[in-house]
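Enquirer: Residues in the sequence shown are numbered consecutively from 1, following the UniProt record's numbering.
Treat each hint with caution, since some may be false.
Pair by pair, the computed Cβ-Cβ distance ranges are [claimed, not checked]: (1) G168 - V66: 39 to 47 Å; (2) E166 - A65: 34 to 42 Å; (3) C111 - R33: 18 to 26 Å; (4) E110 - A190: 17 to 25 Å; (5) A189 - A154: 27 to 35 Å; (6) A191 - C111: 18 to 26 Å; (7) T155 - A189: 39 to 47 Å; (8) G68 - I26: 20 to 28 Å; (9) R59 - D34: 36 to 44 Å.
Just so you know, the hints here were simulated from the structure itself, not pulled from any lab data. Note that the coordinates shown come from a computational prediction; the quantities given were computed from them, not determined experimentally. Note that the Cβ used here is the ideal one computed from N, Cα and C, for glycine as well.
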Amino acid sequence: MIPSPAASDITLGILAGGRATRLGGIDKAWLERDGVPQVVRWQRRFAQETGTVLVSANRNLEHYAVTGLTTVSDRTAIDLGPLAGLDALAEACATPWLLTLPVDLVGVNECLLPTLVALASANGAFAVDDDGPQPLVALWRVRALQDATAAAAATGEVAVHALQAELGMAAVRFDGVRFGNLNTPDDLAAAGFTPASITPAPP
Numbered sequence: 001m002i003p004s005p006a007a008s009d010i011t012l013g014i015l016a017g018g019r020a021t022r023l024g025g026i027d028k029a030w031l032e033r034d035g036v037p038q039v040v041r042w043q044r045r046f047a048q049e050t051g052t053v054l055v056s057a058n059r060n061l062e063h064y065a066v067t068g069l070t071t072v073s074d075r076t077a078i079d080l081g082p083l084a085g086l087d088a089l090a091e092a093c094a095t096p097w098l099l100t101l102p103v104d105l106v107g108v109n110e111c112l113l114p115t116l117v118a119l120a121s122a123n124g125a126f127a128v129d130d131d132g133p134q135p136l137v138a139l140w141r142v143r144a145l146q147d148a149t150a151a152a153a154a155t156g157e158v159a160v161h162a163l164q165a166e167l168g169m170a171a172v173r174f175d176g177v178r179f180g181n182l183n184t185p186d187d188l189a190a191a192g193f194t195p196a197s198i199t200p201a202p203p
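Let the hints inform the model, and build the full structure from the sequences given.
Expert: Structure below.
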């Protein structure tokens, strides 16, 4: 258990640097549901619980500038998967704690952050929903994450779950909850995306 941090001590880090190969390479950050792009949806959802927002992104950076979102790009040309986004976010983060979310989540429960805080180990916690561990839905102690991503990149051990095990992060179970992901056309249809919204446009 950690002392409960103030909102100003937590940065929301949205992971939006994936290639979306199963969706034809579209930029999932700008998929719209009910007229709201995914990345903006998460910014609004945690506006009262975090003090700053960073987005890990490697393309369409001008779109983020229009909405006032700050982006950070991968610091290496080597394909490290999600670890590259975590590394970029950790390096740019100016608060002690970082809450990470993949941009393509369908939804989260209302008590996500308070529960992660309440049950975190010294270096943080990650969520486990009814579909299993969700290592990118996590609260990280930033200093520890900075050191861990540097070491992982150097050794080639890029699995996020291995990094969390090394840090001793707590696995926090959310019974009866499924966050969901937008990975396939069927996922989009199930989440209520209309055909017109599946071709992202600038905000």
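Enquirer: Taking the numbered hints from earlier one at a time, note which ones the structure violates and give those numbers from smallest to largest.
Expert: 5 and 9
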